[in-house]
Amino acid sequence: DAGVIQSPRHEVTEMGQEVTLRCKPISGHDYLFWYRQTMMRGLELLIYFNNNVPIDDSGMPEDRFSAKMPNASFSTLKIQPSEPRDSAVYFCASRKPNSNSPLHFGNGTRLTVT
Amino acid sequence: KQEVTQIPAALSVPEGENLVLNCSFTDSAIYNLQWFRQDPGKGLTSLLLIQSSQREQTSGRLNASLDKSSGRSTLYIAASQPGDSATYLCAVRPGGQNFVFGPGTRLSVLP
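Order-wise, the sequence lines are chains B and G. Quick note: the first sequence, position 40, residue 40 per this note's numbering, numbers continuous. For this note's numbering, count along the second sequence from 1 and bump the result up by 1000.
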């Protein structure tokens, strides 16, 4: 099992540019989560999907953020336009549909917006 | 609204010591609780998951306990090693699908 795979590992961009973060969940995991981690706010849920359908996007900070899951093996988180305050580590996580199953995280994408 | 706190924020111990990390949550109506380890520049690695009906879970040198009524969980690490140095986070699942995370305890085990 390759685990949750995120790309890129690091992204540096200028304010105003579009940023796209990618995630491949573990095969067979029906739930996919996007989290953001900062020193000030810790880990915050942005959005999660069940069977490719967005269920709760109440954590998405602004309309500049959008997420899609076109199929069971791929999800994207897009920020357009990006701002310096979006700088953070963005994590993707997935888990099996079994309610007893643990959450598995990717290694994250460190985003820096200058 | 569920809130999770972890004490202490940082801990430094000599190798070989047994230690306890604490996690508190404000609403006892949880589905389960999960302990994670995070190494610098890495994602979170699941250590133990305790269902609300369970009192404790063990994995190797790790033992996690849960007292739901008092809103507390502890992670016990026996015979600590330098390789245990990391940030440890606890997360509770209030009942939906999301987990609410604590801020973490940064552990340093000195050789």
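Calculated directly from the structure, the hints in this document are not laboratory data. Heads up, some of the hints might be wrong.
[Said to hold, decoys possible] In silico lysine-lysine, DSS-like type, Cα no more than 30 Å apart, as pairs:
| hint | chain 1 | residue 1 | chain 2 | residue 2 |
| --- | --- | --- | --- | --- |
| 1 | G | Lys1001 | B | Lys68 |
| 2 | B | Lys96 | B | Lys24 |
| 3 | B | Lys24 | G | Lys1068 |
[To be verified] Just a few of them, taken from the derived set where beta-carbon distance is under 7 Å, the chain G residues facing chain B:
| hint | residue |
| --- | --- |
| 4 | Leu1044 |
| 5 | Ser1046 |
| 6 | Leu1049 |
| 7 | Ser1052 |
| 8 | Tyr1076 |
| 9 | Ala1078 |
C-beta atoms are modelled at their ideal positions from N, C-alpha and C, and glycine is treated no differently.
Okay, the hints, checked on the actual structure:
no.: 1; hint: G/Lys1001 to B/Lys68; verdict: 27 Å, holds
no.: 2; hint: B/Lys96 to B/Lys24; verdict: 14 Å, holds
no.: 3; hint: B/Lys24 to G/Lys1068; verdict: 34 Å, violated
no.: 4; hint: Leu1044; verdict: 4 Å, holds
no.: 5; hint: Ser1046; verdict: 4 Å, holds
no.: 6; hint: Leu1049; verdict: 5 Å, holds
no.: 7; hint: Ser1052; verdict: 11 Å, violated
no.: 8; hint: Tyr1076; verdict: 19 Å, violated
no.: 9; hint: Ala1078; verdict: 22 Å, violated
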